[in-house]
Structures are given as C-alpha cells and as structure tokens.
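Q: Below are the chains, spelled out letter by letter.
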Amino acid sequence: MSTSDPHDELLAELRSVIDRVDPVPPEVTEFAQAALGWRRLDADLAELLADSALEAEAALARGGEGRWLTFRADDLTIDVEVQADGDARTLLGQLAPPPATATIEVQAGDGDIAATAESDKLGRFRVTLAAGGRIRLRILREGAAPVETSWLSV
Amino acid sequence: MRAEPFTTLLTGINNDVFSGIEDVEIWQLELPALRREGQDIFDVTRALRSALGEGYERTVSPNHVLVAAPVSDECPHGSPIQANAIPPFVPNAGVLNAAVAVIDSGYQWDKNWTANPLDAMCQQLEVKPGMHPTPGGWVNDDDDVPSVAGVYLDALSGHANFVAGLIAQRIAQPNITIWNHNGSFAAGPGHSLPTEAAVCRSLLDSQSNALTKVTYVGFAFATLDDHVSNLWDIPFKSSIDGIGHPVVAPAGNQGSANKRYPAALNAKYPGQYPNVFGVGSLDDTAGHAISTFSNRGDWVACSTVGENVFSTFLDIDMPPEEEPTKGPHDFASNELMRAAARGDQAAWNAIVERFQGLVWATARAHRLSHADAADVAQTTWLRLVEHLDRIHDAERLGGWLATTARRECLRYIRLNGRELPSDEADTFEAPADDSFELGLLAKERDAALWRSFRKLSERCQALLRLLVSQDEPSYDEISAALDMPVGAIGPTRMRCLEKLRGFATVDPAFQGGAA
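Order-wise, the sequence lines are chains A and B. Numbering-wise (my numbering), the first sequence opens with residue 348 and increments by one. Numbering-wise (my numbering), the second sequence opens with residue 1208 and increments by one.
Simulated from the structure, these hints should not be mistaken for laboratory data. Backbone N, C-alpha and C define an ideal beta-carbon position, used for all residues, glycine too.
Some residues of chain A that are not near chain B, with every Cβ distance over 12 Å (derived): (1) T417; (2) D422; (3) T424; (4) D434; (5) Q441; (6) A447; (7) D459; (8) I460; (9) A464; (10) R473; (11) A477; (12) R488.
Away from chain A, derived, C-beta distances all over 10 Å, residues of chain B: (13) D1432; (14) N1437; (15) A1464; (16) A1474; (17) P1477; (18) T1499; (19) D1505; (20) H1599; (21) E1602; (22) R1603; (23) V1693; (24) V1713.
Only some residues are given here: those of chain A computed to face chain B with a beta carbon under 10 Å: (25) L392; (26) E402; (27) G456.
Put together the whole structure using the sequences plus the hints.
A: Okay, structure coming up:
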C-alpha cells in the first residue's frame, strides 16, 4: 500500500503544465545572471528602509501626491520625495547629516548616469528626470566612501 | 631533498586524486637536517639551495608548480596585533599578465617530535621556530613559553585560499575553476591534499592559453628578533631571483608582526621582489577583517580571505573524480554566496538557477502580468546583488528572496493602483482569456488541467504555483512568498488540490486524456 500523498501525481502533472505555460522567461534569467555586474565594489549600501508605497496609510495621509523614501547607510541617511509630472520625475532629497559638499548621481538601469546634482549646505538636492524607470543614487562626498542606494523604480 | 610527488612521500593518501596531474611537478621541501641536533647549518642551506636553486630548472614549464610551503598547521587564534594593518583585499584588480595554478596542501609532517634538539640551532640559523609543541599542546612562537621540543615544521599546510586570493587581486581574468575535495586528509578549511590535487587538475583542464605557474613558498621560520638574516639570502636570492612569476609567501598564522620568510625579504630589499607577495589572512565572515591569527606588517604585500572561503572548503564529501556540485540540494550555498559576492559568475548563476522559479512564481502568484512580474523578478535579483555581502546564512536565502519578491510585488501593486489579491479563500473568479496558454498545451488532458487550475481561487492558484516552482519547495519559503502561516500551508494545499481534482474530474477532456 502506498503511503505517498494521493495528490502527488496531480501536483506533478500541474507542474508539467505550468512549466510549459508559464516558465521563467529567458530574459528574466539573463537579467538575473547579468545582475551580478551591478554589485557594489567601492561603495557602501544605503538600504531602502521606508517607502510610502508600502505604507498605504502614509500614502493616503499625504494625499497620494508624492512618494517618500528613506535610505540609510552607516553614516548617511537619504530622504527622497518623488514627484511625478507626466513622464517626468523630480527627486527632492535630503542628506543627513548634511555633508560639506556632495554630488548625487542618478544611475539608470542601463548603467548610464541619468542626471547629477550637488547638495546645498543643508544637504538638500533636487534632480529632475525626463522619465521614470529603475534608478539608484550614488552619493559622492569628500573624504568618505561613496554611498549607493538600493535600486528603486520611480 | 626530494623531488618526488606527494604521493610517494606521504602515506594514507588516496593516490587516485592525483590522476591526471601528469605534468605538474610537486616538490616537497624537506629539511631532514633539522631533525638532528647540532646539524651544521650549512647542511640546511645546501638543502635549500638544492631545492630552490641548483638542480631546479628555472625554465618552468607551463604546468610546473613548485610547492615548498611549510607553515603552521594549527591556527592558535592569538590576540589581534594592531600594528601595521595589511593592505585590504582588492578583488578584480588584476595587474599580472599570467595565469596561476592554485596549489594547496595540508600536511604537517611530524607532530611527534618530543626531543629538544633545536633551540640552539635556531639561534645558529637565526630563525625562530614557528610553533612549539608543549606538554599542554602546541603554542605559537610569540607566546612566551619556553619550548620543550624542537622546531615545528609542517610542510604544505593548506593555503590555497591565499593563492586564490592573490589571483583575485593580481590576475585580470584567470579562467579558474575551483575544485575541491574534502577527503581522508581533511583537517579543516584548506587542509587537504586531495583538495590541492583537484584544484591542480582543474587548472590543467582549463582552456587558458596563458602559462599556468605559481610558486608557493612559505617557511615555518620567523625572523629572529625581527632581523632578516643574511643567511637566508643565500637560498632565496639564488632561487627566487629571476623566477618572474608570482610567488605566494604566506604571512603565517601567529598573529605576529614578526617578519617571516620569505616575505621578510620584501622588507630587507624593497622593490627587489615585486613578484613575491607576502599574503596575510582575512576573515570572510567578519567583513574582511584581518584574521586574528594572521601575521601582519609592512612586509606583507596584500591580504586575502584565509577563513571560510569558497576556494578551499566545502561542507560536503565528494568523490575525487567529481566536480563540486552546485545543484539545488548538495551545494554549499554559503560558499556559493561568498563566491558570488566576490564576483564569481558561475557561483552566481548557480544561485539564480536554484531560486529563479521561486522568485518568478512569487511574482506570478500576486497576479502580476507577465511584464510586471518580470520587472519585479528583476528588481528582486538586483536586491540580492545589493545584499550579497550581508546575507551570511544561505539556508535562509530562499526565504529572503521570497520575502523580497513579495514586498516588491506589493510595492508595484500599490504604486500602480491595483487591488491586492483577495485573501478570501475559494472565491470564484471567472478565468481570464487563456487561449494563448491553452495553445501551448497539445494534450487535451493538460489543457483541461490548466482550465481547472484557472478556476481555483487566487489563494489556491498562488499556493499551488509556489508548490510546483521548484523541486522541493520549503514551507518557510512559501510562507515568505505568500505571507501565509506555515501551519496553514499543509491544509490549504490539501484543500486546493481536492478542488483542482474536483474541477478536473468533471472535465471530459481530463478524463478522456488519462493514460
């Protein structure tokens, strides 16, 4: 007498069907493999800590206008508000503590630098992108290792 | 002095592991003179010259490897010494135009010395013994404990990782496959002759056109009072001078700043041995901090991972003739993670292969369209790349990926203003237009099963999709992917499969197509 789950065969059949109907797309596999090329070699990670997109209530409270994000590295916090205007995206940022001087590079998903900005004395910066997409910020400060944020779709 | 392969020098080794390494000459540097009290130091230097200089053909063949590597076998993990931090590990900073064979070994050739012959001779030799055996065990040479026995020399202690680390830093694109074997001779990471043999063989198998050569030279001797003796110029200058290819000089494991041969020559003759790299040890699990036991100082040229490395240790036994397996169930994913974090594409691809079904199914289980699911899956993989150096417990990697994919789904759904999948069980939803999918299924029975699947509740579809996303789905991973309590998975699975069977059973095509 078999002790196996009576549904095992059905599940195996279903697996075979789904493997054919909805396999992992080759372009996703290729992207995933190539993603290793994006690993940070010289920069500290500023991890995405908060995203109003994941907090429905917060988004509602703000009227759904902007999207608020917080990234944190060991010695730097980056708050960003993303405003959409048609295709264009404006990032209003705040570095804390404010560095004496910092350059913010917006790296696009294709590896290009989509935009750059300098922060002001208070650590604020503003960048406008022609279109949304997957980006990450790279913060260059004098006397400190570069900081890169997590990837983010805006 | 012997010029025979390890296999003839050591017993208890499975000779098979050396098969295929025909062109590699492996030398063991043996100093039998040290075994005898009062031995004339010139016997020793003659032996060294014989091994490294005269009689050693300098025209190294492509696969010629000299191993002469006595270093301490045991790592006493001494207290950290702060002086003179060693240069950090710099991956992919290739500057050398050569390929390198990785040779490592792990044999401590005589632990049983109990006589006390050698303190006086160490004075004569102007060296300090690497370690002393004491009645209480082995102590390192910086402990202020009088030695009760002689010089501890162990030939060929395991440091392939040092060589591998040097490659990572100095060789631009070393087409290297790391092999491993944790065989009868294993005594811990990097301590395995079969390991070295396998590594060696893998290099011979590689398609690299570049010459494959490296010299690994370490000695158990530390400098006496940090003085780099002229005595050691004789063998080293006559042997290392002119070699040209990389010489790996392990810094040693005493946690000491006291210079150690042959890297000590770097301090004595700055710039004269640019190919001789004193290599210190880093701990791969401690943010690449200097291993507490690693020697360090200006005489050390660079550092590499000396603890917990992919290159020399896998948590598995494998037959010597097999490649390390990177399949789903028997690969040492901690090592893969670390290798991927260092940029090892093959290791990364193995991780992708292992988990891509889970990531994809998680996205699809959240009712994302093909294009949106692809976007979420891509972001998820980028997240893992971001965190490669922060995830140390590979057993949780699947759960981490599933959680990350789910969160990316939620982010996507919220940003795009779609409602979340309903948690209400078994609510019926009219199937979408599946004509494309059905077109892929030639058999009537398969098409019927797909139609039945699409009639299931979202929750059931999501769970079943996860259950078939990989060979042995873990409930932890499924729980993370769907935010479903682990305890609910079994009963839900049963109920969903019963429903699926119910729908399928009433479909004539399902019955008609049955075998």
